[in-house]
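Undergrad: Here the protein sequences come in this chain order: A and B. The opening position of the first sequence corresponds to residue 920 in the working numbering, with each subsequent residue numbered one higher. The opening position of the second sequence corresponds to residue 8 in the working numbering, with each subsequent residue numbered one higher.
By construction, these hints were calculated from the structure, which means they are not laboratory data. There could be a bad hint or two in this list.
Said to hold, decoys possible - These stretches of chain B come out as covered by chain A in the derived footprint (C-beta under 8 Å, 3 or more residues): (1) 178-187; (2) 199-209; (3) 305-314.
Said to hold, decoys possible - To list a few chain B residues with every Cβ distance to chain A over 10 Å, as calculated: (4) MET8; (5) ALA18; (6) LEU29; (7) ILE35; (8) LEU43; (9) GLU58; (10) VAL190; (11) VAL294.
C-beta: ideal position from N, C-alpha, C; glycine also.
Take a look at the letters that make up each chain.
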Amino acid sequence: MQIHDNPPLKAEARNLNFYYGEAKALKNINMPIYDKKVTALIGPSGCGKSTYLRSFNRMHDLYPGNRYEGEIRFFPDNTNLLAPEVDPIEVRMRVGMVFQKPNPFPKSIFENVAYGLRVRGENNKRVLDDKVENALRGAAIWEEVKDRLQEQAPNLSGGQQQRLCIARALATDPELLLFDEPTSALDPIATAAIEELVHELKKRVTILIVTHNMQQAARVSDYTAYMFLGEMLEFGKTDEIFIKPKDKRTEDYITGRMG
Amino acid sequence: MQPLTTEQIRAVIARGKLRDNLFKALGIFCLAFALLVIVALIADMAIKGSERFTLDFFMNFASRRATQAGILSAWVGSLLVMLVTALAAVPLGVAAGLYLEEYAKRNWLTHIIEVNISNLAAVPSIVYGLLALGIFVYQFGFGQSILSAGLTLALLILPIIIVSTREAIRAIPAMIREGSMAVGATRWQTCRYHIIPYAMPGILTGVIIGLARAIGETAPIITIGALTFIAFLPPAPFTGEPPAGLFDWVFAPFTVMPIQIFNWTSRPDPAFEVNAAAAGFVLMAMVLSMNAVAIYLRYKMRKNIKW
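If we strip away everything but chain B, and leave its shape as in the complex, we get:
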């Protein structure tokens, strides 16, 4: 083959660059399309619901008249359910992830468990709802309560927390573990002083992503029988007469944001669509601010952890 002339080399480069630019344009288009859809959705909800963005909307209970209906019981319900979800899912998920990474022997049993954790993450949320209806609501007798809903969503996000915990732990270099063991530490001391603190940014991120997923879940909550029309608040957490009264709130009936939205969209009166749009925007804002908190915490905690 003859060596290429300068002209030929330039032609080859030009062809390559053209493809470069074509791909770049395609990438930007795809990205813009995806972002635009989200922005359009949020903007649409904001515009449609704009007339409901008043303090009353946040402080009113559901009502038969659209203009007076508010989301007080829904956002309070969502927050309380999230509290139960976090309290149940975080210790369980972190402990399970820690065990699998730091303690479990690598054998066929742990392999089966690992595969099935990924499978759990793929189980449709309605199935969790059915399971919870049978176990929490009837078998354990928790009823259609904040506790049942919180535990159901905890099951749902458990795989997310386990997986993110394991990934965070795996990112810790082996030399840190060896350095700790070499001075005579036990496995638990190594976990307590090193593994858990250093994995914390990753774990927190997983927790918040899991909670952001849970706060938008509707199907399993409907399955266990959340109310759609509720005009009172559960007792404030941990304020009742101790000891039993402290937990009155977990047995209270409740509703959550997505159910309130679903309820409003299924009303014949078009005025309720405005409520639904406004509530949808609020829910969106809740999710996005949770993600923002996750990003901030990760950034802040990672600053001090380097090897």
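Okay, chain A solo, but in the shape it has when bound:
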């Protein structure tokens, strides 16, 4: 990995440790996240990839007994997202998230997307209309829902719900978008649509995606990190990791001998 042909950094984990109570779930992770690139996190179940992902928007702060050590630097302003004096709400306003299972609110399609804006105090109807439409277009679901924005979101199909959740996250223009196995609850067609969308989205936002699916990581990501038992074993360009992994354990996992 040569320094000079690397793109600019969006974020960087530095000596990151994480504890669920006494249990250490992440062990000294150092990893760059490059701006406007897709970085995939792969590894067997329980390896800490979701834990790592959820550190980027301080989701762990919602539950008692969780503790971070180390830093996640966020650029260009070089904020440490994990610093106690940085409000987790501020972090979540800059870092969006899409969950494993689609979780639209039991409200209208419009209100689902407008929610992030309302939370920020935006109540102007014209502004909301505009931003909601843009977000829905960005999530490639506008054509399907433009005539029924007032319908209840949970009536949509699973794939549509997940794209709606992406629109919800996009509406507030996040700088970094976290995807936590976004297609694990979806069928292959809906999965393909989401993957295509991820590819499209990296023009405007940096993406960090957890996936169980090797092909998916290979298809959508520019960089891949392989995690194992809370450690980051290998990080590099996706082509390199998949063609010539340096670590034997990464190779075993990728080729299906383990995991």
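On the provided structure of chain A, position chain B as indicated by the hints.
TA: Relative to chain A, chain B alone:
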């Protein structure tokens, strides 16, 4: 062990089925017995009180003559007391439940509070009456008024509302909460836009069940000194001269349905038993219709809430 023959297998199944049917019969019998008792009670009151089911019965005040005595002051009193109870208990109970579920840290203090909320639900209602007599009637000087009665019953049903609020909130999946927080919402925004609206069907059910319990309570109301014979109505709510006059009604003396019934049953003249039966039927109808409203509201509101 030898494998069973077909005959033996059939015998085993037949034995099992016999027990199945025995249990089913027992269950139906128990259910029918419980239902029958209630139906018999209601029917008995309806038949005994049938000659009093006239408009006059609802529009007359209490009287020394059984045939002229009515329940006007009682049902109006019950409704007004319920209004105060609801206004006091719902905001308090919902806020307490919301705090315990969404804000409170899990530690020994909240644990003690939780245990004691369950304990409060088990406190005999007469004890609430004694407490209210000391605090509301004398200490705060509310007197033997609708306000004292409403607040007393509010205390009584507060645990019910807190518990049902907490259960309704706990039924909301964590992913909804996380979805809201993930876009940068505060706890309060999450509560206001999501938790409270989605918990509302459950909260409403708890509120109405609590009010149905309160409307039938007699002991605490007697303790604080509700009148048993009253021949006038409190001023209509919120109609007096503002600002102080708006609340004249809460300081008015009053009676309620169960007290009116109790009063009639303790009269020597058997003609009053007819009044008591008729009033009992009306009270029963009030409670059942409250439950019906709760079921309807829950059904209607839940239709739009799914995850």
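Undergrad: If a hint holds in the structure, say so; if it does not, say that too.
TA: Outcome of the hint check:
1. Evaluation of the coverage hint for the segment 178-187 of chain B: fulfilled, as 7 residues show C-beta separations to chain A shorter than 8 Å, against a requirement of three.
2. As drawn, the segment 199-209 of chain B meets chain A at 3 residues by the rule of a beta-carbon pair under 8 Å; at three or more, the given contact holds.
3. A count of 4 residues in the segment 305-314 of chain B with a Cβ less than 8 Å from any Cβ of chain A is obtained; the coverage claim is therefore met, three being the minimum.
4. Even its closest Cβ contact with chain A, about 42 Å, leaves MET8(B) beyond 10 Å, as expected for a residue assigned away from the interface.
5. Once the 10 Å rule is applied to beta carbons, ALA18(B) is consistent with being away from chain A; the minimum gap is 48 Å.
6. Under the 10 Å C-beta cut-off, the non-interface status given to LEU29(B) relative to chain A holds; the minimum distance is some 44 Å.
7. Chain A leaves ILE35(B) outside its interface by the beta-carbon criterion, the shortest separation being 38 Å against a cut-off of 10 Å.
8. Listed as a non-interface residue, LEU43(B) keeps its Cβ farther than 10 Å from every Cβ of chain A; the least gap is roughly 41 Å.
9. Look at GLU58(B): its CB is around 52 Å from the nearest CB on chain A, clear of 10 Å, so calling it non-interface holds up.
10. For VAL190(B), the condition that its CB be more than 10 Å from all CB atoms of chain A is violated, with the nearest at approximately 4 Å.
11. Separation of VAL294(B) from chain A is adequate, the least Cβ-Cβ distance of about 31 Å exceeding the 10 Å criterion.
Of the hints listed earlier, the one the structure fails to meet is number 10.
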